[in-house]
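S.K.: Given the coordinates of chain A, assemble chains B and C onto it according to the supplied hints.
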Amino acid sequence: MPDELVLECHDLRRRFGDLLAVDGVGFHIAHGETYGLLGPNGAGKTTTISMIAGLLERDSGEVTIAGQPMTTKTVQAKVALGYVPQDLAIYPDLSALENLVFFARLYGMSRMQARTRAREVLEVIGLTDRAGDQTKTYSGGMKRRLNVGLGLLNSPSLLILDEPTAGVDPQSRNAILENVAGLSKAGMAVLYTTHYMEEAERLCDRVGIIDHGNLIAEGTRRELVGMVGEADSVALAATGNVAAAAEALGTMDGVQKVSLNDHGLDLVVSDAREHLPALLAEAAARGAAIKSVEVTEPDLEAVFLHLTGRALRD
Amino acid sequence: MKVLVIAATTLRRMLRTRANIFFVFVFPMLLILVLGATFGRGATPRLGVVVSRPGALATALVRQLDHAPSLKVTLVSSDSSLLSQVERGSLDAGVEIPAGYDSAIEAGKTVTVRYLARPGTAGQQLGQAVRSAVDSQAELLAAARFAAAERAAPGFAAGLTKAKNLVRLVPVISVRLRAAGKALFPSSLG
Amino acid sequence: MTEQQPAGRPGARPSGSARAALLIAEKDLKARVRDRSALIFGILVPLGLAFIFNLIFAGVSGNSKAISLGVVVADHGQMGQAFTAQVLDPLRHIGIISVRAEPSVAAGRSLAAKGTVSAVIVVPAGFTAAVEAGGPASLTVIESASAPVTGEIARSIAQGYADALNRVRLSVATVASGSAGAGLSPGQLRRIGARAAAATVPVAVSDISAKTKQLDSKSFFAAGMAVFFLFFTVQFGVTSLLEERSEGTLARLLASPIRRGAVLAGKLITSFALGVFSMVVLVIGTSLLFGASWGSPLGVVVLIAAASLSAVGIMALVATFAKSAEQAGNAQAIVAVVLGLLGGTFFPVSLAPGILGKLTFIAPQAWFMRGLGDLRAGSLSVVWTPALALLGFAVVTGAVAMLRLRRLAEV
Numbered sequence: 004m005p006d007e008l009v010l011e012c013h014d015l016r017r018r019f020g021d022l023l024a025v026d027g028v029g030f031h032i033a034h035g036e037t038y039g040l041l042g043p044n045g046a047g048k049t050t051t052i053s054m055i056a057g058l059l060e061r062d063s064g065e066v067t068i069a070g071q072p073m074t075t076k077t078v079q080a081k082v083a084l085g086y087v088p089q090d091l092a093i094y095p096d097l098s099a100l101e102n103l104v105f106f107a108r109l110y111g112m113s114r115m116q117a118r119t120r121a122r123e124v125l126e127v128i129g130l131t132d133r134a135g136d137q138t139k140t141y142s143g144g145m146k147r148r149l150n151v152g153l154g155l156l157n158s159p160s161l162l163i164l165d166e167p168t169a170g171v172d173p174q175s176r177n178a179i180l181e182n183v184a185g186l187s188k189a190g191m192a193v194l195y196t197t198h199y200m201e202e203a204e205r206l207c208d209r210v211g212i213i214d215h216g217n218l219i220a221e222g223t224r225r226e227l228v229g230m231v232g233e234a235d236s237v238a239l240a241a242t243g244n245v246a247a248a249a250e251a252l253g254t255m256d257g258v259q260k261v262s263l264n265d266h267g268l269d270l271v272v273s274d275a276r277e278h279l280p281a282l283l284a285e286a287a288a289r290g291a292a293i294k295s296v297e298v299t300e301p302d303l304e305a306v307f308l309h310l311t312g313r314a315l316r317d
Numbered sequence: 126m127k128v129l130v131i132a133a134t135t136l137r138r139m140l141r142t143r144a145n146i147f148f149v150f151v152f153p154m155l156l157i158l159v160l161g162a163t164f165g166r167g168a169t170p171r172l173g174v175v176v177s178r179p180g181a182l183a184t185a186l187v188r189q190l191d192h193a194p195s196l197k198v199t200l201v202s203s204d205s206s207l208l209s210q211v212e213r214g215s216l217d218a219g220v221e222i223p224a225g226y227d228s229a230i231e232a233g234k235t236v237t238v239r240y241l242a243r244p245g246t247a248g249q250q251l252g253q254a255v256r257s258a259v260d261s262q263a264e265l266l267a268a269a270r271f272a273a274a275e276r277a278a279p280g281f282a283a284g285l286t287k288a289k290n291l292v293r294l295v296p297v298i299s300v301r302l303r304a305a306g307k308a309l310f311p312s313s314l315g
Numbered sequence: 190m191t192e193q194q195p196a197g198r199p200g201a202r203p204s205g206s207a208r209a210a211l212l213i214a215e216k217d218l219k220a221r222v223r224d225r226s227a228l229i230f231g232i233l234v235p236l237g238l239a240f241i242f243n244l245i246f247a248g249v250s251g252n253s254k255a256i257s258l259g260v261v262v263a264d265h266g267q268m269g270q271a272f273t274a275q276v277l278d279p280l281r282h283i284g285i286i287s288v289r290a291e292p293s294v295a296a297g298r299s300l301a302a303k304g305t306v307s308a309v310i311v312v313p314a315g316f317t318a319a320v321e322a323g324g325p326a327s328l329t330v331i332e333s334a335s336a337p338v339t340g341e342i343a344r345s346i347a348q349g350y351a352d353a354l355n356r357v358r359l360s361v362a363t364v365a366s367g368s369a370g371a372g373l374s375p376g377q378l379r380r381i382g383a384r385a386a387a388a389t390v391p392v393a394v395s396d397i398s399a400k401t402k403q404l405d406s407k408s409f410f411a412a413g414m415a416v417f418f419l420f421f422t423v424q425f426g427v428t429s430l431l432e433e434r435s436e437g438t439l440a441r442l443l444a445s446p447i448r449r450g451a452v453l454a455g456k457l458i459t460s461f462a463l464g465v466f467s468m469v470v471l472v473i474g475t476s477l478l479f480g481a482s483w484g485s486p487l488g489v490v491v492l493i494a495a496a497s498l499s500a501v502g503i504m505a506l507v508a509t510f511a512k513s514a515e516q517a518g519n520a521q522a523i524v525a526v527v528l529g530l531l532g533g534t535f536f537p538v539s540l541a542p543g544i545l546g547k548l549t550f551i552a553p554q555a556w557f558m559r560g561l562g563d564l565r566a567g568s569l570s571v572v573w574t575p576a577l578a579l580l581g582f583a584v585v586t587g588a589v590a591m592l593r594l595r596r597l598a599e600v
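Protein chains in written order, with my numbering: chain A, 4 to 317; chain B, 126 to 315; chain C, 190 to 600.
Rather than coming from a laboratory, the hints here were simulated on the basis of the structure.
Quick reminder that beta carbons are idealized off the backbone N, C-alpha and C, glycines included.
Please note that the accuracy of each hint is not assured.
[Claimed, not checked] Per label pair, the in silico range of CB-to-CB distance:
id: 1; chain 1: C; residue 1: 543; chain 2: A; residue 2: 140; range: 53 to 61 Å
id: 2; chain 1: C; residue 1: 219; chain 2: A; residue 2: 22; range: 33 to 41 Å
id: 3; chain 1: B; residue 1: 286; chain 2: C; residue 2: 290; range: 38 to 46 Å
id: 4; chain 1: A; residue 1: 172; chain 2: C; residue 2: 585; range: 37 to 45 Å
id: 5; chain 1: A; residue 1: 219; chain 2: C; residue 2: 208; range: 56 to 64 Å
Next up, chain A with everything else stripped away, as it sits in the complex (with noise of 0.2 Å):
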C-alpha cells in the first residue's frame, strides 16, 4: 500500500437480515486530505464508518489504517483513529475536562500528560471557561463541540465525523465546519459524512456518492459534476442592444440555451469557464454592456438527482 494513504478500503460488505446495508463499498484517502461520503439518510454511510472504524463487524472486505489492518478486535490500527460519532458521545454526569481526561488515558496516556492534552483540545474547542461543568448543563452546540474535540485527543492521522452537523445550530456549525477545514489545511485527513451538499461541496477535496450501500461515483467536485455533463448556468446584466447579443450567443461553442429576461440574458453553458471569455466578448461586439455577470456552477445535489433520479434531501 502506497506510504501516502492513511485510509485503504475496498469490498466493504454488510447485511442486517433481509437488508444488504453495504454492498462492496471501497475507496482511499490520502494525508492531508478530506473525503467526503455523501448520501441520503438509510444509504449506508453510519454503517461504513462503523466497519472502518472497528466498531461494526464486516461480512467481507479490508480496512488497513496508516498501514495496521483494522478489524473490530484489534487494538494497534485504532491507535491512528479519531472518531466522532453521529450521536453524542458524551458522558453527562462528568465535566468535559473530565471526559477528555477519561479517553485520552484511554490512549495511553498518563494522568499529567491527559491533562495537558485536554487543556490543549479545549482551547482548539473553545470550552475551556465551561470545562469544569458537568456536560449534561452544556447546551446542544457545546455538546456537539466537545464531541469533535474528543475525537482528536490522540491527534489522529484520520479524523472520522458522522455527520457532525445534523440538527446543529447555525452558529455551532459554521464553528465546525471552520474547525474542520482548520484541521485539514493543518494536514490531518478526514473522512467527512453528510448528507448536506454544500458541506461536502465547502470542505471536501473528493467526495463518494453513496446510496443503497453503493458507492455510485466518486471524485473531485470538478470531476463528479464534469462526469454527468451538466451545463453552468450563466446570468448576465445587460443593457442596449441586448437582443442581438442573445442571438449571436446563442449560435457559439458550448451555449445550449439563451434566454432574454428583463435584466439581460440567461445562458446555460457547457463549462462556463472555458467559454465565457469569448461569449463576452461577443455580446459586447453585439452592442450589449455587461453589468454582470453571475455564474450559477451545478452542484453535487443536480448530480445526485441526475445519477438517483432521487433528491439528496427527502
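M.R.: Coordinates of chains B and C only, in the frame set by chain A:
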C-alpha cells in the same frame, strides 16, 4: 365518564410492564406464601431427646414427653448434634437426659434434665410442655421415694407402683388461663 | 503540521486491558458517587429499614429485662403468702420479674388488658383451705395478649408452684391413704406433709438457652437488609453497559485502542466495588448506630466479598437477557426481590419446616445469613462453607454471563 377512561387507560398501560404485574400481584402473594409457610402452625413442634442407655425410669420420662399432644419427640444421638439441630432450626427444642438417670433417682439425688430452645414464644411453650411432663414424672418418683423412706412401701419399686395407683385418685391443683387485652400481632408471627 | 504525521500523537498507544478496565471502573465510580439516588438506595434506605424493622420486631425474640407481673392474693391462708414469699420474691431478687400486688381480680385484669403487666397471677380466696382439705384447687393466670412470650413465663411460675403442691400431696397420699392413713392425727399428718415438702426433688429441668447461632433481631435485620440491597447496588455495573450502548458512549469506548474484554471487566469491577463498599458502610453503620453485632471482622469481610461476587454474577446474568437498560432494571429487581425473600432476608425462612427450609438455600442470600449466624457462635473457619457456596454461585453465573456479554458489547 372521562375519569373512568383515564383510569382504565392508566391501568392498561401499567399492566403492560411485566415488572408491575410482578410487584403488584405476584409479590404480595409470594410474601404471604413464604411467611405462612415459615411461621404458620401447621407442623407440630419437634423436640429432640438425647438419652444414653435408658433405664426403665428414663424410658418412662421419654414416653411421657412423647404423650404430650403439643410436640413430637425425635431421638437424637448426641448432645452436640442436638445443639446444632436446635440452632439450625431442624428441631424446635431439645432435652438432654443424663446417663445414670435411674440410679441417681433411686439413690435419692436430684437429676437435672437440660432443656434448650431458640428464644421466642415457641421455645417458651415447648419448655412449658417439657416441664409439665417432667413434673408428672417427678410427682410419681418423689412419692415413690417418700413411701420407701416412710416405710409405707417395701422399696422404691413398690412405692412407685403405689404412687401410680394413687395418682389417678388424688385431686389435682391446677392452673387456669385467661387472656386479657388485644394482641398487636397475631401470635403465629413467632 | 509540516511533514507526514506519525500515526497518532507521540505518547498515544494502546492501553493494556487491565489498565483500561480500571480506568473504566474509575470513571464509572466517579459518575456513580455523584448520583444521589445511589447514596439513598445503597445506604440510607437499608439503614432506615433495618432500624424500623428492629423497632417493630425487637420484642419477638425475647429481651432479657425484668418481666412485670401482677399478683392478686385473695386467699387468707398461708398458701397465698407462701407463694409470694417463697416463689415470687426469690425471682424478684434475682431480677427476673418485678411484682406489683393488686387488691382485686378486676384491678388485675384491667392491668393485664392495658398491657402494664405481662400477666397477673391470682391465688383465689379459699385456696389454702382447698389444698389442706385435700380437694381440687386452682390458681389463675391472666395473660396480657400484647405480651405472649412473657405471659408464658408467668404461667410456668404458677404451674411450678402447683406442681410442687401436687408432688407433696401425692407423697403424703402414699403414706396416709387407705387404711394406714385412717389412724393419723392432724398433727401427724402435718408433720408427714412437712417431711414430704422437705424431700429432695427427684428431677428438675434446667433451661440452658442455646448460645444460638440464629442472629438476634438487631443483627438479623441489619444483615438481612444489607444483603437484600446488595443485589440492587451491584446492578449498576452491567446495566450501565446497556446504558452506554443506548447513549452512544459505548461506540467511543470501542473505537479506542482497548480490547472489548476490558470494557466488560471494567463494568464488573465497578459492580463489585460498589457492592462491597455499600455493605461495609452498612456493617459499620448498623454497629455504630443500633449496636448490631456482626462477629469477627475478618469473617464478615470474607462473606461480604463472596456475597458481592455472587450478586455481581447473578445480576449480570439477568441483565444479559434484557434488551434495554430499563428492561434489565425491571428483571433484576424481580430476581433480587424473589431471591431476597426466599433467602430469608426479611424473616428467617431457614426455620421453615419441610421443603421450604431447604429451598431457601437456592438463594445466595441464605448462605450469607447462615454464614453470619455461624460466625457469631463459632470460630472463623465456619465461614468457608458459605463463602465457597457463594463463590460457586458467582463462578457459574459469571461464566454464563460473560459468554452472553461478549455479544452485548458489540455496537
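S.K.: Among all the numbered hints in the text so far, which are the ones the structure does not match?
M.R.: Violated hints: 4 and 5; rest satisfied.
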